[in-house]
Every structure is written in structure tokens, then in C-alpha cells.
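Top line first, the protein sequences correspond to chains A and B. Taking my numbering, I'd label the letters of the first sequence as residues 66 to 848. Taking my numbering, I'd label the letters of the second sequence as residues 3 to 283.
In short, the hints are calculated from the structure, not lab data. There's no promise every hint is true.
What the hints assert, rightly or not - Restricting the straight-line Cα-Cα distance to at most 16 Å, the calculated cross-link-like pairs of lysine to aspartate or glutamate (EDC-like) are:
1. A:Lys-267 - A:Glu-120
2. A:Lys-484 - B:Glu-203
3. B:Lys-106 - A:Asp-745
Predicted, not measured: the structure shown is a model, and the values here were computed from it.
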Amino acid sequence: MKYLLFLGFACSVSLGLAQQQYILSGKVVDGDNGETLIGATVVAPALGVGTLSNEYGFFSIALPALDSVEAVVSYVGYQPQYYRFYLRSDTAIQAALSTGVQLQEVLVKANSYREQLSSTEMSVEAVSTKEAKLLPVLLGESDILKTIQLKPGIPSGSEGTTGLFVRGGSSDQNLIVLDEAVVYNPNHLFGFFSTFNTDAVKDLKIYKGGFPAPYGGRLSSVIDVKLKEGNNQKFSGSGGIGLIASRLTLEGPIQKGESSFIVSGRRTYVDIFTRAVNRANADKEDYTQIPDYFFYDLNTKLNVGLGKKDRLFLSGYFGRDVFGFDNAFFNFNFDWGNATGTARWNHTFSPRLFANTSFTYSDYQYNITNRITGFSFRVGSNIRDASLKSDFYYEPNNQHTIRFGANAAYHQFTVGRLKAGSDDGLVSFSAGQDFAGLELGVYISDEIDFSERFSLNAGLRLSGFQNDSAFYAGLEPRLASRYTLTERWVLKASYARMYQYLHLVSSAGLALPTDLWYPSTRLVKPQRSDQLALGVSYLLGEQYLLTWETYYKSLDRQLQFVDGAQLFVNDRLEEEFAIGRGEAYGLEFSIEKKQGRLSGWIGYTLALIRLSDFEPVSPDGRFAQESEGFGAFSPIYDRRHDLSVVTLFELSRRLTVTATFVYGSGDLRWLAPGRFTFQDIYGASFEAVVPDYQGRNNYRLPPYHRLDLGLVLHFFPKWGESDLSLNVVNAYDRRNTFFIYLEPEYETVDGTDGNQIQIPTRISAKQVSLFPILPSFTWNFKF
Amino acid sequence: MVRLLFLIIISGVLLELAACNLEREVDITLPEYESRYVVECYLEPGQPISLLLSRSAAYFEPFPQLNEDFLGKILVDSAKVAIIYNGVEIPLENRLIINPLTQKVYNYYSSAHIPYDTINPFELSIATKDGLSIHAATRLLPVVPIDSLVVQFAEGDTLARLLTYITDNTTRPDYYRRMLHEGSLDSIPVQDFATDDRLAEGTIVYGTRFNYEEGDTLIATIFHIDKAYHDFLESLVDATGANGNPFAQPSPIISNLEGTANAIGIFTGLTYDRKTVAVSR
Numbered sequence: 066m067k068y069l070l071f072l073g074f075a076c077s078v079s080l081g082l083a084q085q086q087y088i089l090s091g092k093v094v095d096g097d098n099g100e101t102l103i104g105a106t107v108v109a110p111a112l113g114v115g116t117l118s119n120e121y122g123f124f125s126i127a128l129p130a131l132d133s134v135e136a137v138v139s140y141v142g143y144q145p146q147y148y149r150f151y152l153r154s155d156t157a158i159q160a161a162l163s164t165g166v167q168l169q170e171v172l173v174k175a176n177s178y179r180e181q182l183s184s185t186e187m188s189v190e191a192v193s194t195k196e197a198k199l200l201p202v203l204l205g206e207s208d209i210l211k212t213i214q215l216k217p218g219i220p221s222g223s224e225g226t227t228g229l230f231v232r233g234g235s236s237d238q239n240l241i242v243l244d245e246a247v248v249y250n251p252n253h254l255f256g257f258f259s260t261f262n263t264d265a266v267k268d269l270k271i272y273k274g275g276f277p278a279p280y281g282g283r284l285s286s287v288i289d290v291k292l293k294e295g296n297n298q299k300f301s302g303s304g305g306i307g308l309i310a311s312r313l314t315l316e317g318p319i320q321k322g323e324s325s326f327i328v329s330g331r332r333t334y335v336d337i338f339t340r341a342v343n344r345a346n347a348d349k350e351d352y353t354q355i356p357d358y359f360f361y362d363l364n365t366k367l368n369v370g371l372g373k374k375d376r377l378f379l380s381g382y383f384g385r386d387v388f389g390f391d392n393a394f395f396n397f398n399f400d401w402g403n404a405t406g407t408a409r410w411n412h413t414f415s416p417r418l419f420a421n422t423s424f425t426y427s428d429y430q431y432n433i434t435n436r437i438t439g440f441s442f443r444v445g446s447n448i449r450d451a452s453l454k455s456d457f458y459y460e461p462n463n464q465h466t467i468r469f470g471a472n473a474a475y476h477q478f479t480v481g482r483l484k485a486g487s488d489d490g491l492v493s494f495s496a497g498q499d500f501a502g503l504e505l506g507v508y509i510s511d512e513i514d515f516s517e518r519f520s521l522n523a524g525l526r527l528s529g530f531q532n533d534s535a536f537y538a539g540l541e542p543r544l545a546s547r548y549t550l551t552e553r554w555v556l557k558a559s560y561a562r563m564y565q566y567l568h569l570v571s572s573a574g575l576a577l578p579t580d581l582w583y584p585s586t587r588l589v590k591p592q593r594s595d596q597l598a599l600g601v602s603y604l605l606g607e608q609y610l611l612t613w614e615t616y617y618k619s620l621d622r623q624l625q626f627v628d629g630a631q632l633f634v635n636d637r638l639e640e641e642f643a644i645g646r647g648e649a650y651g652l653e654f655s656i657e658k659k660q661g662r663l664s665g666w667i668g669y670t671l672a673l674i675r676l677s678d679f680e681p682v683s684p685d686g687r688f689a690q691e692s693e694g695f696g697a698f699s700p701i702y703d704r705r706h707d708l709s710v711v712t713l714f715e716l717s718r719r720l721t722v723t724a725t726f727v728y729g730s731g732d733l734r735w736l737a738p739g740r741f742t743f744q745d746i747y748g749a750s751f752e753a754v755v756p757d758y759q760g761r762n763n764y765r766l767p768p769y770h771r772l773d774l775g776l777v778l779h780f781f782p783k784w785g786e787s788d789l790s791l792n793v794v795n796a797y798d799r800r801n802t803f804f805i806y807l808e809p810e811y812e813t814v815d816g817t818d819g820n821q822i823q824i825p826t827r828i829s830a831k832q833v834s835l836f837p838i839l840p841s842f843t844w845n846f847k848f
Numbered sequence: 003m004v005r006l007l008f009l010i011i012i013s014g015v016l017l018e019l020a021a022c023n024l025e026r027e028v029d030i031t032l033p034e035y036e037s038r039y040v041v042e043c044y045l046e047p048g049q050p051i052s053l054l055l056s057r058s059a060a061y062f063e064p065f066p067q068l069n070e071d072f073l074g075k076i077l078v079d080s081a082k083v084a085i086i087y088n089g090v091e092i093p094l095e096n097r098l099i100i101n102p103l104t105q106k107v108y109n110y111y112s113s114a115h116i117p118y119d120t121i122n123p124f125e126l127s128i129a130t131k132d133g134l135s136i137h138a139a140t141r142l143l144p145v146v147p148i149d150s151l152v153v154q155f156a157e158g159d160t161l162a163r164l165l166t167y168i169t170d171n172t173t174r175p176d177y178y179r180r181m182l183h184e185g186s187l188d189s190i191p192v193q194d195f196a197t198d199d200r201l202a203e204g205t206i207v208y209g210t211r212f213n214y215e216e217g218d219t220l221i222a223t224i225f226h227i228d229k230a231y232h233d234f235l236e237s238l239v240d241a242t243g244a245n246g247n248p249f250a251q252p253s254p255i256i257s258n259l260e261g262t263a264n265a266i267g268i269f270t271g272l273t274y275d276r277k278t279v280a281v282s283r
């Protein structure tokens with residue numbers, strides 16, 4: 066590693082001596098609204114050099130001193146900008162690209178793939194908010210997190226949910242960051258909707274492997290969500306009215322071209338109807354009240370220019386799901402949600418050195434309160450972070466892009482905090498655990514272009530975690546390389562070691578908002594993964610990019626609950642843990658077409674994940690005493706084949722037709738292969754059928770497949786734009802399996818004492834599906 | 003409570019799904035299953051010894067019909083069963099017993115009565131006719147008395163609830179089985195669950211909803227049980243509860259039986275206190 070870095074620096078020095086060079090640097094923005102453009106290409110065609118704008122829109126490229134240097138700044142879907150310089154000093158520009166008639170369409174299309182081909186980055190997927198808004202979705206609520214599930218290697222969880230199981234990783238192994246603040250639970254309504262309001266999101270990118278050194282803390286993926294910065298050119302708004310929710314986003318300049326704001330909100334309104342139904346039926350004796358449920362979220366961001374070299378961003382997110390049930394004797398409330406805040410400062414030290422420093426705050430909590438006359442009960446869990454992070458981008462020359470930085474996050478955990486008691490004070494009990502931990506990371510990486518054919522991104526991250534009872538640290542080497550075989554064939558390879566110090570402790574069933582985040586402790590050691598990925602990309606013509614990737618990932622210290630675990634309000638939770646290992650491997654293939662009237666992609670994944678060698682965390686736990694343990698098994702999301710076909714067809718300026726088709730091998734479920742009859746003691750109920758569960762996740766559900774269709778009618782009124790989005794989810798009414806249960810049927814016979822008794826006669830398997838063919842519509846507007 | 007909440011939600015969802023025809027019967031093939039011996043034996047002080055030895059079955063195996071040898075298809079005969087107490091082996095005879103009071107069926111029986119001995123262990127030994135063995139051991143636990151039963155009426159209402167108070171020994175971990183019957187012990191219990199004293203600070207109170215009217219008779223029972231029986235009951239609840247609840251984690255049955263037979267079931271002592279109250283203001 067050191068040798069490579071040294072070699073890189075040595076090359077740069079020798080090149081620097083050859084000819085005087087100056088730096089062209091600056092920022093690439095959308096000329097219509099001032100939003101920064103990430104990954105825009107800046108090329109000097111005659112010199113054969115180029116670079117990309119970084120995640121903050123900043124770029125820097127060294128060019129030789131010449132009387133006439135031409136540079137082109139381009140970004141997919143935008144008209145390229147041409148610049149000609151008399152280059153005798155470092156020069157800074159702000160390239161404002163605009164959409165509209167694409168005179169150089171071919172160039173822009175080609176560039177979009179050339180960027181991917183020339184980068185060392187692999188195992189990265191991105192979707193645009195435009196795609197997310199056009200594609201058909203459940204109940205018309207566009208959802209960028211669900212759209213990303215259509216990419217290869219990212220199988221979703223159960224039907225309709227936003228759970229992500231990236232390359233065999235569990236759902237807690239995804240680092241989800243919103244404007245650099247961690248989002249611990251990205252779900253509303255048990256995962257049917259994500260917390261990300263598409264109107265407020267600018268960009269979503271997911272790393273499945275080949276993780277850059279700045280990222281750490283999770284094993285399987287990094288999902289980087291960036292909020293829009295706000296239109297700094299003019300006041301504008303957008304929103305939508307759907308079947309279950311409405312959205313409104315307002316944005317505009319505070320100081321034109323310099324500073325802006327954005328505010329975006331969303332709320333469901335099913336509760337308004339259910340309350341009306343409850344009121345209308347309040348007098349009926351047998352009427353069972355419908356519980357209240359709604360969710361909402363709010364995003365805000367301020368983007369303030371502080372001169373030419375500094376920019377300050379303040380952003381925040383607040384979202385809640387609220388479930389309530391209230392009658393004369395029973396008052397039950399359950400709410401959960403995230404809050405995040407980010408203060409971010411961009412500073413350009415010099416054309417070669419750019420820095421981003423951020424302070425973030427994250428909070429995820431759930432609270433359950435219940436009051437039954439004379440008694441009250443309150444339980445909740447919470448994870449709260451305060452984090453400081455600095456990232457530096459240093460480009461000494463065109464052959465090196467060096468990134469270095471550090472971060473520190475202070476975590477506070479409240480696990481299963483319970484308080485319950487009677488009003489008269491006779492009964493009172495409480496439980497819960499509090500933890501704190503400090504997570505640290507420091508990293509350096511260098512993207513080195515050894516030649517036009519070969520480049521390498523070598524990085525090293527040192528991470529650590531400290532809490533009261535333990536300290537852990539680990540070195541995380543990261544490598545990613547590209548070798549260009551021909552103009553059209555590119556080989557890529559990557560290796561990444563990751564440590565994860567926080568663990569989401571969830572049951573073997575589907576995820577719930579009450580799943581607990583738990584820190585590494587003396588007994589619960591950090592999770593670790595090593596992932597090796599190899600890839601081949603081929604540019605077919607100028608329109609199609611084909612990518613094959615294969616990966617192997619070893620997973621150490623994976624956490625599971627022991628059999629019969631007591632999950633709820635348990636001050637000795639560690640006794641319920643077992644730790645084992647796993648391995649995942651697979652092959653992913655995709656063909657993608659980004660531009661033109663017909664666009665979309667086909668993705669296919671062949672994958673396998675296996676967990677094994679589980680041992681009790683606590684030597685005193687009941688797992689050690691009473692269970693024979695569980696052998697090797699696959700998690701429920703072990704999906705052998707996963708295919709997705711996504712098409713968007715722009716029939717005319719006014720009409721876009723979309724379709725998505727997904728096919729996947731069935732997930733696994735844990736079903737009991739046997740049963741027995743349990744008589745029990747006098748006074749107890751006789752159980753005619755008790756399931757005898759054995760090996761975990763022993764039954765594979767039938768294959769899953771679904772076709773969703775969408776039709777988007779675009780309108781162009783004088784005040785702006787609007788569209789009517791018509792969706793048909795599950796177009797051919799496939800009854801996909803949500804879960805299966807086994808139901809005994811009984812016959813009533815007369816007993817010896819004259820009582821009637823029920824005798825089981827047969828058992829049937831019942832399949833439950835979540836939704837049939839489901840049409841919906843949403844009206845969206847923009848002004 | 004959370005489990006209950008999701009159970010309510012799932013029940014609601016199932017009703018909705020049934021209405022939308024989203025639930026249907028399917029043919030599935032479950033993994034191979036090898037039948038296991040099932041043991042139930044509760045040692046109750048002052049009572050004769052009864053044991054039920056039966057077999058489990060593959061989930062879809064047809065149930066025996068009433069007009070055939072119904073019990074013979076379920077029960078396992080010809081095993082050598084004995085309880086060892088204070089070094090003395092008490093053999094259990096293989097014969098069908100139906101307790102006329104409890105209507106419970108047992109196929110191994112001894113008229114020897116269990117002494118109220120909370121010190122010495124009781125051991126179980128079973129040798130099946132196919133040469134397999136089942137062993138277990140347990141102790142009787144001291145009775146934990148019910149301190150009081152308190153009937154409380156809701157303000158301005160005719161409905162009442164019952165509070166059952168016990169005093170927990172805070173110096174040791176204790177486990178209880180709580181049962182509540184309305185009218186008689188033959189009825190389906192209104193409440194039946196196992197608890198531990200992890201959260202208790204001396205007094206434990208078991209409550210009910212405001213469901214009872216003046217004149218109702220309520221029978222409260224507190225069994226003082228051991229950890230093995232508690233875990234067994236919890237695993238039973240988890241196993242039955244997970245069938246139909248996709249959010250739940252299933253549990254294999256956690257038995258306290260050992261031996262080559264890989265049997266499931268429970269061998270435990272049964273000590274309890276029971277009080278009856280008539281609901282009145």
C-alpha cells in the first residue's frame with residue numbers, strides 16, 4: 066500500500082516537472098435551480114484528461130499552460146458546456162448546465178457510461194428521483210428506496226416492504242445516511258413505505274461492495290441519500306395528492322444564486338377517514354373501533370453561500386409513525402420514528418484541496434404507552450448519536466485523488482426502558498438498560514491513475530469502538546481497481562473489510578419497529594466482513610452497458626437470537642444472543658439503457674447465503690444450558706434467483722409508459738414439520754395441535770413474480786407542470802405468498818360427560834397474500 | 003403487549019385478506035419428520051402418579067378417526083416407566099386412566115402418592131420398547147400463597163376487575179403460572195400464562211380487564227413452577243403463536259427430558275395456591 070502511494074506521488078512529481086500546469090477547479094450546478102451535480106464530467110478533449118465532480122459538485126483538474134485550452138463540462142440529461150481558456154493561472158469556474166434541447170446528445174449519452182467505465186468504483190447502483198417518480202409503485206407513493214430494490218444484488222424483504230438485504234447481508238448491515246446523518250429505521254408502516262420523500266431527495270446511491278474508505282460502520286451496504294439543496298434561482302414548489310398521502314415541497318432563493326431553502330412535508334390521511342367511521346358507529350354496541358394510524362415526515366434544508374470559498378448547509382428530517390387505540394378503559398399509543406439534523410460546512414482551501422465538515426445528530430426511538438384504568442405502562446427504546454466528521458479531497462495532480470478524514474460518533478442507547486405501575490403506588494416495576502459508546506474512524510485513500518488502462522483506489526480505514534466494558538479496533542483495508550482491456554471492455558476488482566459495532570437485534574420473523582439496536586459489549590463482539598468482488602463491463606454500442614459482477618463475502622460474529630428467546634423487556638438480553646458466522650456469494654448481471662425514449666434495465670442475481678457455527682454469547686445463558694443449538698441454516702431472505710426488468714417508454718412529451726417485472730425464488734420460512742398433542746394440567750386448555758419446530762428456515766415459499774404497469778400523463782399548464790400518474794400494481798393479479806400457516810380443522814363430538822369436545826380431523830396449509838391487483842393514481846404538480 | 007398488538011393487527015389483516023380472497027389453501031411439502039415421544043408428567047403432592055406417553059406426528063399425517071382405535075393410535079404403550087424418589091423406584095403401570103374430575107387421560111399410573119417434599123429430587127426413567135431411554139429430574143417448590151384477591155369496580159360502571167396479589171421472594175429467581183377461571187375449573191381459563199419475577203420488587207399483582215359483573219365467581223390459581231417448566235410453557239406459546247404470525251420468532255419446544263429417545267415434553271412438580279371470590283361491591 067505504502068509502496069503504491071509512494072509510487073503515485075513520485076509519478077505526479079515527475080509529471081509536474083515536465084511542464085508548468087495550472088488548476089481548473091470549480092463546481093458543477095444545474096443552471097435552472099442551482100442544485101449541485103454529482104459525477105458530472107469535466108474533460109479537456111484535446112489533452113485526453115478529465116475528472117468527475119465529487120459528491121459536493123466540486124472538481125479540480127490540472128491542465129498544462131497553453132494559450133487555448135478547451136474544456137467540456139457535461140452531465141447526463143443536460144446540455145454540455147464548452148469553455149475555452151487562456152490558461153496562465155489557476156482558474157475557477159461555476160459550470161451551470163441546463164436541460165433542454167440536447168444538441169450533443171450522443172456525446173452526453175456516451176459520457177454517462179464512460180464515467181462508469183473509467184471509474185474504479187464497482188458494485189455501485191444509483192437511481193434518479195425522476196425514475197422513482199415515473200415507475201409504478203404501491204398505492205401511488207413513489208419511493209426511491211423501493212426503486213433501488215429493482216437493481217441486481219439488492220433483493221427486497223417480504224412483499225411490499227423496503228427492507229434491503231444486500232449481497233446476503235441482513236437489513237441492519239446497511240448504513241443509511243441522509244445528508245450524512247444516520248437513519249436507523251428507514252421505514253414507515255412496517256416497511257411498506259420508506260422515510261424518504263422523493264420530492265425532497267436529490268440523489269440516492271448504494272454501494273454493495275468495494276466500499277470507499279470514508280465509509281464504515283456497516284457490513285453490507287452504504288446507502289447515501291442526499292436532500293435537494295433548494296432552488297437558488299426562483300421560488301418554486303411541487304407536490305402531489307395520492308390515495309393515502311399528500312406531499313408539498315417549497316423551495317426558493319434566500320439570496321439569488323447564493324443561498325436557498327427547501328421545506329418538504331408529507332402526511333398520510335387514512336386516519337381522517339377511520340376516525341369518521343368510528344364516530345359514525347360510536348353508538349353501535351358490537352362495533353369494534355378501528356385504530357388510528359398515520360405517518361408524516363418533514364425535511365428542511367438551508368443552503369447558505371459564505372463567499373467564494375465557503376458554503377454552509379443546515380438540514381433536518383423528522384418523521385413519525387403513530388398508532389393509537391383509545392376507548393373508555395383502554396388507552397394505547399405506539400409511535401416510532403427518526404429525527405436527524407446536519408450542519409455541514411464546505412470549504413475550498415485551494416483549487417487542489419476541498420473539505421467538507423459536518424456535525425450530525427440522529428435519533429431513533431419507539432414508545433409504547435398503555436393505560437388501563439388504574440394501571441399505566443410505558444416502554445421504549447432509543448438510539449441517539451452526535452457525530453462530527455471531516456473529509457478532505459486533495460488532488461495534487463491528475464493522477465491522484467487523495468481523500469482523508471476522520472469521524473467520531475457518540476452513541477447513546479436506551480434498550481427496553483419500561484416503567485409500569487398502579488395509580489395507588491402498590492405496584493411499581495421498571496426495567497431497561499442504558500449504554501453509551503464512542504465510535505471512531507480515520508481513513509486515507511488515493512485514487513491513482515497509473516495509465517489510461519489501469520487505475521487503483523487504495524484506502525485504509527482504522528475504526529474503533531469504546532464503551533464502558535470494552536474497546537475494539539480494527540484495520541479495514543479497501544482496494545478497488547480498474548483495468549481497461551479495450552475501449553469497450555473493462556475489468557474491475559475490489560476488496561473491502563468492514564467492521565460493524567452496532568447491531569440490530571431482531572427476531573427470525575419479519576422486521577418490526579421495536580427491533581433493538583444494541584452496542585458491542587464485552588460479550589457481543591463487533592461484526593466483521595470481508596468482501597471480494599470481480600466485475601466485467603462492456604459497452605454495447607453507445608446505448609447499452611452490460612455489467613457482470615461476482616462476489617464472495619465472509620461474515621463473522623453474526624448475531625441471532627437463541628431458541629425461545631425472551632426479546633421484550635429483558636435486562637439480560639445478551640443471554641439471548643448467539644453468535645456465528647456466515648458466507649455469501651453470488652453473481653449479478655445487468656444491462657442498462659439510460660437515454661433515449663426507451664430506457665430501463667434488466668438485472669439478474671444468482672445468490673447464496675449460509676449461516677453456521679452459532680455459539681451462545683453468554684456462557685450462563687439458557688442457550689448453553691438447554692438448547693442443542695442450531696446448525697447451519699440460511700436466513701429467510703436467501704433468494705437464489707432474482708430478476709427485475711424495468712422499462713420507461715416516453716411515447717410523447719405528454720405520455721410516458723412504464724413497467725416493472727420482478728421474479729424471485731421464494732424466500733425461506735421456518736415451518737414446523739411435526740406436531741403433537743398436549744393435554745396440559747387440570748384447568749388449562751387442551752392443545753390438540755402444537756407445532757414441533759426443528760431446523761430454522763426449512764421451507765422455501767413459491768416463487769415470487771409481479772408485473773406493475775404505469776402510465777404518466779404530463780400536462781403543461783401556464784403555471785408550471787403537472788402529471789397524472791396511473792399505476793396498476795400486480796397487473797395480472799398474482800397471489801404472491803406473504804406467509805403460510807398451518808390450520809387444523811376440528812369436528813365437534815359429544816364427550817363422555819355430555820360436554821361437547823372438538824377433535825382435529827385434518828390440517829391444511831393456508832397461504833396469505835398481501836394484495837391483489839391494485840390500481841391507484843396520484844396527481845403531481847410543479848410550479 | 004407488543005406481541006399482542008401485532009397479533010391484533012395480524013388478526014385484522016387476516017380478516018381483511020379473507021374478505022379480499024387473499025387467503026387460500028395450498029398444497030405444500032414439509033421437510034421429513036421423524037416421530038418423537040411426548041411425555042407429560044406432573045407430580046402433585048398428595049396425588050397418585052400419572053404420566054402420559056404419546057407420540058408426535060408429521061404435520062399432515064392424518065388424524066386417527068374416532069371410530070377406530072383413537073387413543074391407541076396416539077398413546078405409546080409397553081414402555082417401562084418409573085419414578086425414583088429417595089433411592090426408591092416406583093414403577094408405573096401401563097394402563098389407561100381417565101380422571102373423572104379433571105377428564106385428563108394418562109396411560110401410566112401408580113397409586114403411590116407424592117409427598118410434599120421440596121428438598122429431595124424426583125427422577126423419571128422411561129425405557130421404550132424400541133430400546134430408547136428418557137430421563138428427567140425435578141423438585142417440588144414451596145407453595146407461594148395468594149395474599150389477597152381484590153375486586154375493583156370501574157367508576158360509574160357495573161363491571162369489575164380482579165387483582166390477584168402475591169409476595170415474591172426477591173432473593174431468588176421465581177417462576178409462576180397464573181390461571182384464572184370464571185365459574186369453574188372445567189371452563190376454558192380466562193387467563194393462563196407463565197411469568198417470571200425479573201421485574202418484580204416484592205409484590206406481584208395480576209390484573210384483569212373490567213369484564214365481570216356482580217355475582218360472577220372467579221377462581222385464581224398461582225402455580226409456583228421451576229425454570230424448566232416456565233421455559234417449556236413459553237416455548238409452547240412461542241411455537242403455537244408463531245404459526246400464523248409472520249412477525250413472531252418460532253421456538254422449538256424446550257423440554258427438560260434427556261436420553262436417547264430425543265423426546266419432548268415435561269416432567270415437573272405442581273404446587274399451587276388457589277382462591278375463589280364472588281364478585282360483589
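Consistency of the hints with the structure:
no. : hint                  : verdict
1   : A:Lys-267 - A:Glu-120 : holds, 12 Å
2   : A:Lys-484 - B:Glu-203 : holds, 12 Å
3   : B:Lys-106 - A:Asp-745 : holds, 8 Å
Hint violations for this structure: none, all hints satisfied.
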